[in-house]
Structures are given as C-alpha cells and as structure tokens.
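Just so you know, the sequences run in chain order A and B. The working numbering puts the first residue of the first sequence at 1, with every later residue one more than the last. The working numbering puts the first residue of the second sequence at 1, with every later residue one more than the last.
Calculated from the structure, these hints are not laboratory results. Some hints could be false.
What the hints assert, rightly or not - Below, simulated SDA-like cross-link-like pairs (lysine to any residue); rule was C-alpha separation at most 20 Å, straight line:
no. : chain 1 : residue 1 : chain 2 : residue 2
1   : A       : LYS273    : B       : ALA157
2   : A       : LYS215    : B       : VAL79
3   : A       : LYS426    : A       : LEU380
4   : A       : LYS215    : B       : VAL295
5   : A       : LYS280    : B       : LEU159
6   : A       : LYS189    : B       : LEU30
7   : A       : LYS195    : B       : THR54
8   : B       : LYS53     : B       : LEU30
9   : A       : LYS67     : B       : ARG48
10  : A       : LYS282    : B       : ALA172
11  : A       : LYS138    : B       : LYS53
12  : A       : LYS410    : A       : ASP481
13  : A       : LYS136    : B       : TYR275
14  : A       : LYS138    : B       : TYR55
15  : A       : LYS362    : A       : LYS273
16  : A       : LYS426    : B       : ALA157
17  : A       : LYS426    : B       : ALA172
18  : A       : LYS67     : B       : PRO34
19  : A       : LYS406    : A       : LEU380
20  : A       : LYS215    : B       : PRO86
21  : A       : LYS215    : B       : LYS53
22  : A       : LYS195    : B       : ASN76
23  : A       : LYS128    : A       : ASN156
24  : A       : LYS195    : B       : ASP58
25  : A       : LYS215    : B       : LEU159
26  : A       : LYS195    : B       : VAL13
27  : A       : LYS67     : B       : TYR275
28  : A       : LYS104    : A       : LEU164
29  : A       : LYS88     : A       : SER537
30  : A       : LYS104    : A       : ASP481
Small disclaimer: the values here were computed from a predicted structure and weren't measured.
One letter stands for each residue in the lines below.
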Amino acid sequence: MKKILNGRGGRWRGVVTLSLAAALGLAGCGLNEGNSASGGGPGDGSVLRIGTTTDVSNFNPLQSLSKTDSWILNLMYPHLLRIDENAKKAPELAKSYTYEDGGKTAVFTLRDDFAWSDGKPVVAEDVKYSAETIMKYKLGNVAAKLTWVESIEAPNPTTVKFRLSQPYAPFAEGVGFWMPIVPKHVFEKAGDISKFANDSNWVGAGPFVLDSFTKGQRYVLKRNEKYPLAPGGRPALSQVEYRVYPDVNTMMLALRNGDIDLMATPVPASATKTFANDPKIKLVKVGALGFAHLTYNMNNKHLARQEVRQALSMSVDTKAIIDSVLQGEGRQMAGPISPIFAEYDNPEVQPYPFDPEAAKAKLAAAGYKDGNGDGFFDELTFGVACDQSNPNITRVVQLFRESAAKAGVKLENECVERNTFLNRTKNGEYDIDASQWGVFDNPMDQLRSTYLSSNPGGINYNLLKSAEMDRLINDAAGTTDPAALASKIKNIDKVVHEQAYLTPLYVENFQFAYNASKFTGFVPSPSDLLGMVTAYSLAQVTPVK
Amino acid sequence: MARFVFSRAVKAVLTIWIAITATFFLLRLLPGDPTTLMVESDMTPEMRAALLKTYGLDRPLWEQYVSYLRELAQGNFGVSFRQIQPVRDILLDRLPWTLLLAGTAFVITIAVGVPIGVYAAVHRDSPLDRMLQALGIGGHALFVPSVAMLLLVFLGARLDWFPIGGAVDPDAHGAAAYVSLAHHLVLPVLSLVLVQLGPYALTLRTNMIEVLGEDYIRAARARGLSAQRRVWKHGLRNAILPALTLMGLQLGTLVGGAVLTETVFAYPGVGRLIYEAVGQRDYPVLQGAFIMLAVTVVVANALTDLLYAVLNPRIRL
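Here chain B stands alone, though its shape is the one from the complex (with noise of 0.2 Å):
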C-alpha cells in the first residue's frame, strides 16, 4: 500500500509538472501576447517594449520558465499582467465558487444517478429505462451553454422561479444569504447534472445488469436473500466499480463545463476567470488556473484509484 501510494505520488507530480511545462509553452505559442488587445490608436512601440518588459516578457523563453519554475517552487504564482494583484488571491477568491457548483453537481449526479441506473437494471424495458437509455445517448450531445440559456429562459425569467444570473444576493445577510445561495445555485447545478447525470446513470445500468446476471447473485437468491439486498449490497457494489472510474475521468469534463456554465450564469468562479484571462492573454492568471485544474483532476484520479482499491478487495495494492 505504501508503496503505491509513493509510486502514485511521485507519477502525479510528474504529471504536474509536464501539465505546467504544456501550459507555460502553449500560451507563449499562442498568436499575439498581453499587448496585443491593448491597440490602442496611439500605442508607440517604445510603450509597448516598456509594458512587455514590466511584464518579464523580454527575456529569453527558457530564462522566463526557469524563474517561473523557481517562483512556483515556493508557491509563487506570480502576478496577473491586468489586475496587478498576485495570482494566488484571484484563484482563492474564486475557487470555493467552482467547488461549490462542481462539487454539488458532482454529488447530486451521483445520489440521483445511482438509484436511476438500478431501477433501470432491474426493470429493464420499463418507461424509465427506456427514457434513461434516449437521455444517455442524448447527453453526450448536449451543448452545456445551449441547455444553461434553456433552463434561464423557462425557468428563470418566464417563471421566475430562480434569479437570473449571479452566485448570492449581494445584499442578503445571515441565513437569508445562505437561501439565496442554495436558490442561485440550482439552475447552474441543474445544467451540469443534466448533461452528466444520463450517461452516469447509463453506464451504472449496464453494467448492473451484467452482474446482476452472475451466479453469486442467482447464489445469493438461492439463499433466499430479499431482492432488496441482492440489488443493493451484493449487485451495486461491484457494479459501481466501473462507474466509480468514469465519474473520476469525467471531473475533467465537470470542470470544463464549469467554464461555460459559470460564464452564462455570470457565476463568479475559476471558469469564468479562465474565460476573461484567454481573451487579455493574461498567462499568469492562465497558468495559475491551469495547474489548479491539472492538480484537481491529477489529486481525484489518485483518489479514486485509492477508492477503487477500498471498495474492490480484489484488487491488492
């Protein structure tokens, strides 16, 4: 155990690392630099030589990644280009915002996406898993915007059941703002469970049905256990397994989602964030914003694995 967890740690930092050299290389690649937006009529290119070399943009490539390698080693993300404020307070500032959408996404695809595919398993054929398979196949081609901007129209601004855009009524105070909270929360989280909960659940129900047809399930009826448990503790358990590693591989896509959820619903956190920093070419901020997501996904790819190995006894570690 020990020893995978060591050999897991030394692979994500390495992973990391290629992820923050990919990141710092990529964005220098791309056409233009933090000036260009800047076109202003009257630019001189002695203002513009002045605000790259303010920047640390003058230097050679490889003498701006070992300084910036040096700067990260000791948790410096440096400073962001536009709002001369360092790196690390924007990404803290937003970041308990994405946690909060992604995270209840993520926990709500799951309570409502487990129960859907084994009642779809078990009554196979029936209306439910008939909409569940169209809703799976369905999802993946869902656009999260297009399905954002539905969901505001409808519910939002024709029922006005939810407010339009925003995290938190500025002005609510006490338990009034944690309300508001919860009411502004819905429709961004609804968004991004609609587009993940049917292949979740889709893919929780095949494989249910594959395990519910083992023979230690037909065993364990033979031993007269209720349907009850056969489904719920002995089938789920090993069902989950592959689900488990899908919904791992799929925090990456959350978290894009996020970037676009976040933007419509003018939703204060790291996606929208990534958003404003591309158009400014502001590649502190990018980069910052960037190794975060790398270690989330890195850290929760670990963790499942370490999950998976929890919940499988037979795998050994």
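For reference, chain A alone in the conformation it holds in the complex (with noise of 0.2 Å):
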C-alpha cells in the first residue's frame, strides 16, 4: 500500500512538473519578436513608448476601418493632407491643390522630397495605385469619397489629376485627409488587395515604419530616416513603442510607472484628477471634431411634428450635462455644425432655452393632453436608444429622461450593448437617438451623410425625406466658391435648427496625458482619432535634454 501511494504521488508530482514546463516553454518561444534584431533598448531616451487600448487588427491601411489600427499605420503611411491644431487641413504629401473646369477636376501638387523607407521616391503614380486599388476593390470608408471619380491621371511625378462626374466641393479635403498612400512597387505584386495581410517587410514613407511586433505586447516602429516634415527632415526619435493595454486604468498607471511616455487614448473626464498632483505628467486639451446628440427618428408620427422635436430640444439641460457629465470639459452647440468650424458655424443659431416648463405648455399648444392625470402627455412615450459602452451617453439619457419628465414626455432608457445598439440604428427601430459622432473632416460630408433622404452613408439617423434638405445640400456640395459655400452651409445650419431635427448636445474636449519631464514637442489635432499620435506630431517630439 505505502509503496504504491509513494508511486502514484510521484507520477502525479512528475506530472505537474512536466506539463508547467512545457506551459513555460512554449510561452517562452513567444518571449521575443523573432524577425528583427532590437536596437534603441531601454533607457535610450530617444524611444517613445505609447499605450494603445488593442491590436492592430489589420496591417492593411487601404482596408483598416479600426481608430486604433490608423494611429500605428498612419506613421508609415502618408497622406495627400493633415488636420492641424486648429481643424483646418494642411498639407502634407500634398504641396497644395486647386480645381480646374468648373470644379470638374481636383489637381494635387506633390512634394518632390517624400521616400519610401526601401529609398524609392514617393510619385504621383503611387497615389493614383492608391485610389483606383480602393476604387476596385471598394475597400474602407475611402471608396465612398471617391464616388465622383471617373479617371485619375500622374502626368508627372508630382502631379495628380481626379476627373469627376460632378463637382463636390470638398472632395480634396476629404480624400486628401482619409486617403492613405501606398507603395506601388510593394502592393502591386500582392495581388488581390482584398486579401493582402500586409503584416511583414513594411515598406512606409511616414516618420516610422513598422519593424516587429508581439501580438498582443508591443509593436516596434523604426525611424524612417528621411522624413521631410521633421525639423531637419529627420524625426528626433530613433523608435516609436506602442504597447497594448486593453484597460484604460491600467494604462494610466502604467504611465505613471513611467512603463509608457504617452497614451494614445484620451483620459476619461472622471479620471483626469488622478494627475493633477503628478509634475511629471501633463495634460493636453483637444477639441473633438464629432459631438454628442440626440436625433428624432421622422418616422415616428409625433416626432414628425416640428413642436414636438422643438419641445424635446427645450427638455434637454445641455449646460448642467456638460458640467456633471464632463466635468465642465465640453462646448455648447446651437446647430448641427460644430463650432470647432468657425467659418461654417451660423452665429445667428442660438441653443433652445432649458426650459421644462415652456416645452409642456408647447406640447398641449399642439394639442397633446394628460388625460388620466399621471403628469405626462396620453400619447407622448419615447424610447431613447443608445450604447451603454458609453459612460457618458448613458448618463446623459438618465439626466435626459429626468428633465423631460418635467415637461410631461415619458422616455425609457434603452441603451444596451454596442452591436445591438448600432443594429437598431441601423434598422431605424429607436424613437430617440443617443450617440456621439466620431468624426467628421468637413460640414459638407456630414450633411450630405446626416440628412439626403437617399441616406448615401446610412447614418441618416433621422430617417429624414425632405425634398427641401435635399435640394439644400445638393445645392451646396456643387458650389465651388468658398464663401458661397460657407453661406449655404450656414443656411442648411439654420433650417436643421428650427426644424430641430436633432438636439446638439455637446463638443467634448478630449485630454491626452503624457510624461513632460521626458519628451516634448507635441503637436495635438482635434478628436480622439488624431489627438498626439499624427504622424506629424510624433515627428516633431523630441527627448528633454
């Protein structure tokens, strides 16, 4: 007996011991990126180190449709133009571009100093691959700005020509901004596009080319050592670091542990304290370049009524959502368009007054009536839908349904998970709309997107068909001459306010955090989209001496 159970008990023993072994081995193989000797280790100050919330899911920039995928592939893979600090677009691989017969052809002028990082020039051909490889295969968000096109011409390395069926007037803007440019040398021979991984031998013309990655850990980004828009055409960091952190309070403390420099994603408003006494880490503001809204679904036969809408945008307290909600980190808006575009922002909008008590009286002006006595109107029931993923959304439903609870209009929170939310949405099966725009580059794109009744981008939350919005805003995106454009789009912008086809309700300001005492030299664009990590940016940041 004894010597059987001393038997057994050592098998088991052996047992444990072997298969931890193998657990450990295994893991070990993954230990280190295999396809690249590392150099730039640690404690050379010239390493940048920044927190990502996840994978790179696609190593393909003419497919990726993720935020998290662009800032890493944005580094190698420039675009015709930028968003500067001010929202505005600058150039980049771009000089410069106008239009020529009547708004019919968009020329862009390229720099002539761009390199890939294997030292081939970056030409006009390369971005005419780019376009016609998203036109054919239809791939990402890009394919639908480049709509218009019928032919693309290189005539010489620095020119590019876009022949279009109609002119659009901010088609530069936006395929120059969301366009990225690839090596056609490279991509061409990997034949169908579509199915291209793309996830080794990077070949970039940005400040930073991929060199190795860990799945899951890290992705290692070299310098690329000709990069004309770094001050001396050089980035003063030898290697970018992105590390992955699927959870943001994790993230935050390691960036206090001094294990990354910077993150990528914005510091939630909540959190923000958790560094005022830091002196080592600063924080940056940023606009956004979306905003937060709720939108009437038209099909709905009371919120088809313009009182009732205009009813509901007076239920909304937007000032106390902002204060509670952000902390005071948000901006008011008036009409649909962003006051982060000033030159398209009418003026003469004003917000609806927060006025409970007015928006009852409106609604029984209309004819609405409280019939068994509960306080709220018989036939005025909502069910505001949105992503409960979003701390803030959620709690500006609650704080939305108290408020119009005063002014007799019952809502019921519907918020629930993201795909299911974005389902409905999809399918129109909500009354009320709560969500937050990601970004828009111009006001022209967004109500062209937002309010044809074709719903060319299905975000026509509104389920809106209006011939008069219509006529509207295909007026507009024909007209060519800037401050003819800005007066029509102020125009659109005063009609959706009356019309209250939506309630704005705030343009958060995003906050970056990053550690001072180490780098500086930041060049932040508005929205969560670009905030630190532009290409630019990061070629512009050097190590404090």
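Fit chain to chain and form the complex, with the hints in mind.
Right, dumping it as structure tokens:
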C-alpha cells in the first residue's frame, strides 16, 4: 500500500512539473520578436513608448477601418493632407491642390522629397495606384469619398488629377485627409489587395516604419531616416513603441509608473484628477471633430411634428450635462455644425433655452393632453436608444429622462450592448437616438451623410426624406466658391436648427496625458482619432535634455 | 477500463460537437454582424454586401454551418474576418500565455489550498480556521477585475514591486527574459489564486473534518500511527476526492477568470482575444476560441474522472 501510494504520488508530481515546464517552454517561444534585432533598447531616451487599447487588427491601410490601427498605420503611410491644431486641412504629401474645369477636376501638387523606406521616391503613380485600388476593391470608407471619380491621371511625378462626374466642393479635402498612400511597387506584387495582410517587411514613407511586433504586447516602429516634415528632415525619436493595455485604468497606472510615456487614448474626464498632483505628467486638451446628439426618428408620427421636437430640445439641460457628465470639459452647440468649423458655424443660431415648463405649454398648445392625470401627456412616450458601453451618453440619457419628465414626456431608457445598438440604429428601430458622431472632417460631408434622403452613408438617423433638404444640400455640394459654400452651409445649419431634427448636446474636450519630464514638442490635433499621435506630431517630438 | 475510456471519449466528442453547434448559431443570433461596428459615415449598402460576401455570410445559415463543420473536420478553423489570418495561428499565438497563467494559478491553488484546508480541519476554530471560513465565503463574492485592479494599484503602482501589465519585458533576453516573465506573472496569478483559494480550501476542510471522524482513522490511531501519518496519508487521501471534482469543475471558472484577468493585466492570452473579438463580431476567432475552451474543459473533466478512479480503488472502471 505504502509503496503504491508513493509511486503514484511521485508520478503525479512528475506530470504537474512536466506540464508546467511545457507551458513555460511554449510561452518562452513567444518571448521575443523573432524577425529583427532590436536596437535602441530601454534607457535610450529617444524611444517613445505609447499606450494603445488593442492590437492592430489589420496591417493593410487600404482595408483597415479601426481607429487604433490608424494610430500605427498613419505613421507609415502618408496622406495628401492632414488636419492641424485648428481643425483645418494642412499640406502633408501634397503641397497644394486646386480645382479646374469648373470644379470637375481636382489637381494635387505633391512634394518631391518624400521617400519610401526602401529608398524609392513617393510619386504621383503611388497616389493614383492607391486610389484606383480602393475603387476597384471598394475598400474601407475611402471608397465612398471617391464615388465621383471617373478617371485619375499622373502626368508627372508630382501631379495627380482626379476627374469627377460632377463638382463636389469638399472632394479634395475628404480624399486628401482620409486616403492612405501605399507604395505601388510593393502592393502591386501582392495580387488581390482585399486578401493582402501586409504583416511583414513593411515599406513606408511616414516618419516611422513598423519593424517588428509581438501580438498582444507591443509594436515597434523604427525611424524613417528621410522624413521631410520633421525638423532637419529626420525625426528626433529613433523608435516609437506601441504597448497594448486593454484596460484604460491599467494604462494610466503604466503612465504614472513610467512604463509608457504617452497615452494614445484620451484620459476619461472622471479620471483626469488622478494626474493632477503628478509633476511629470502633463495633460493636453483638444477639441472633438464630432459631437454628441439626440436625433429624432421622423417615422414616428409624433416626432415627425416640429413642435414636439422643439419641445424636446427645450427639455434637455445641456449646460448641466456638460458640467456633471464632462466635468465642464465640453462646449455647448446650437445647430448641427460643430463650433470647431468656425467659418461654417452660423452665429445667428442660438441653442433652445432649457425650459421644461415652456416645453410643456408648447405641447399642450399642439393638442397633447394628459387624460389620466399622471403628469405625462398620454401619447408622448418615447424610447431613447444608446450604446451602454459609452458611460457619458448613458448618463446623458438618464438626465434627459429626468428633465423630460418635467415637460410631461415619458422617456424609456433603451441603452443596450454596442452591436445591438448599432444594429437597431441601422434598421431604424428607435424613437430617439442618443449617440456621438466620431469624426467629420468637413461640414458638407456631414450634412450629406446625415440629411440626404438617399441616406448615402447610412447615418441619416432621422430617416429624413425632405425634398427641401435634398435640394439645399445638393445645391451646396456643387458649389466651388468657398464664400458661397460657407453661406449655403450656414443656411442649412439654420434650417436644421429650426426644424430641430436633432438636439446637439456637446462637443467634448479630449485630454491626453504624457510624460513631460521625458518628451516635448507634440502637436495635438482635434479628436480622439488624431490627438497626439499623428505622423506630423510624432515627427516633431524631441526628448527632454 | 477500456470500455469506460471509450464511452467517455464518445461522450466527450458529442459534448464538443454540441458546443460547436451552439456557438455557431448563438454567435449568429447576436444582433448585428461583423460589418455593424464598421459603420463609417460613408459605407454604402453595396460595400456592406460586398464585405458580407467576402466573409461568406451571405449564404444560408445551414450552408455556412455545413461548410464550417467540413473545414473543421480537416483541422481548418477558418480565417479571422478582421485580422485576415488563420484562426489556428492566432489561437496558437495566445494559448501558451493562458496555459501558463491558468496552469500556474491552478498548481498554486492546490499547493497552498491543501495544507491550509488540512491545517484548518485539524486545528478547528483556530485563528487560521476562522480566517479561512471568512475567506471561503468571501471568495465567492470577490470579483476578479476588482481584485486585479486593487493588486495593481497597491503592489504595482504604490509599492512598485511588480510591473504594471504585460507578460514580459520585450527587451529582456536569455535568463533575464524568464525572470521578467515570472515577475509579470505574479500579480495576475495572485488575483486568480485569491479568488479560487478560499472556496477550495474550505471544501477540503469540510471533507477532512468528516474523514477525520471516521472509524478507520480512530483505528489508525489505536494502531499507534503518528498524527502526521493519520492526517496526511490516510485522511487526505479520502478527503481530497470531492475537492478534486471541484477543481475539475472550477477549471471552467478559471478560464472565465482568465478573460477578465488578462484584460486588466494586459496579458496576451486567449481570454483577451475573446474580449476583443466579441466587440468586433469576429465569428471565426470566437468559434475557434470557444471550441478550444470546450475541448479544454471536456478533457480536464475526463482526466479528473480517470484520476478519481486511480486515486479511489473503490471505483472500478
């Protein structure tokens, strides 16, 4: 008995030890990136380590649709234009652009000093190839920006001409900002681009080019020795490393502890105080390129009435929302155009005053009655759909519910899981949609996407079918004179506000945190898509001496 | 024995098939599809249709299911929608980390839980016993991410004893890499062990108390066997059986705990992969991961049954 027991016990121990050793050995295989000798190790002051929330899901910039992917890919693949600190388009690969032929031809003039990391110059043929490939395979969201393109020409290495089927004012801005330029001589060899993973041997022309990565852990980008937008034609940082922290709280701890130097993702408004007493960490505030809003489904017979939408707009206390939800870090809006696009924002338009009593009177005047005396108008019960993973919007819905009750409107909280929410939105299954637009790079694109009855982008959440709006928008879209375009957009701004198709809530301020004792020189751009980590920004960064 | 193993294997295969089928259909019953999250302001219905076609999601459901099973039978888990990479490669990349994390936590829970359980049973109502009882009940109420965050804040950030997240310092080489690996492993393992340990040790304690009251233990005492021997050789051998079953069942919980632990600690395992794939509705990755988990749990339970039989001669197979 004794012998057997010992024997078995020994075997058991052996099995456990063996399996642990096997696990360790397996994990050991993945310890280091195999595909490169890593230079500029820790302690080298010119390695900038950035926290991101998730892995790169797709290394092919023509396909990728993810914000976190773009943080890394945009460092490699240049764009014709960038968005600067003031939300204006600025030259990147393109020096300038003009329209010819009454707005039907957009002509970009490229710089001649951009170079791919394999030594070849970046030329007009690369731009032509990138655009044609996107159109051929209908890739990403850029394909829609190229809708009007009939043909593309590259008459010389620094000129690209897009011939359009009709003039469209923001064409050059949209394509210039959104379209990544890839090296034709590399991508062409890959065959079917829709199946091209692009996950090794990268060739880029941005300030940094991917060198190696370990899934789930980090992405290492090495300096591109020739990058003309960096001071002196070469980035000061020798290396940029992205480290993955799925939980933003962990990422904040990592920044505080010096494991990373910058967070690519904004610090949640409620957590900015964490860094208040830390002399090393600096917070930078930038605006948003989108905004939070309540949008009314016009297929609901009550919400189709202007008085009801206006009354609801008067029942939202946007100032209180900005104070309590965003800790004051937001701007109030009036019409649908964000104040960040100052030249298109109509100053005549003023926000609806917060006045539930007046809203109630307006609804009573419109014929609504509280027959059963429960304090709510009998017919006015609406569901407010939102994405419950967005804590700010969830809170907004709660506050809206409380204030609307004072106006006699009963709201039901229908905040659900993100995919479920997006699916309901897509199918028009909601009364009121509470959500946040991510990035609009220009107001014209925004108005087309949100109010055209043909619903080209699938985000006409009003499900609005208005001949008047269609006419106004199409007329503005074909206007090439900048002053005339601005005044037409201002007019649409006013119409949308009077109709109260939506109640704009706020433009959020994003706050980015970085270790100012180690690095300086970031050039932040608005929105959480761009923030501190644009190619231009990181090319300007220098270590603190 | 052979018959038992055979019937157990058939059951295991059946269970896994059910898991595969349920996963396949449940995922597709979720609202939204892989294109939902890609709502870009400009994606036209045609583009969406084209994407769905690329993913093979435009075909009838049963057709997708049959072709999925056919591929699976050949060991092909499909290709991730988002990462355009074979799911098998993606999983094999992540699996060792989860094995390491869950395996270490498992071993430590047993290594620490057994002596504590036994000690508490022998020294009933001692301070340690009281503590264990509180911990055992409290352990059920502990939420892994909260424990993980607490450990990170105090042992990681405040005291700076352990790194904040990650699995290994990517710049460490050779022996230093293994030291870094172990260093990074401490907090995630600790948070899993803290949650599991109490209930496990408590179960063992209860069994042990029962066993120590049995006649054969008293007989052993009468025969003059030392307390040490009575408790550890005779008592534990019998008391550990129910605890073993519990451990087999808890393996599933351990894996679930790993999803949350890995997310908080930025640990690159399968759990975090699942967390990310759910948000992206990446069906092939989710299916692959769930099948792998189902296989793990089924195999672990089968092994527990076998081990049970080996340890308990009263069970004849």
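Practice prompt. Could you check the structure against the hints above and give me the numbers of any it violates, in ascending order?
Written response: 3, 4, 6, 10, 12, 13, 15, 16, 17, 21, 25 and 26
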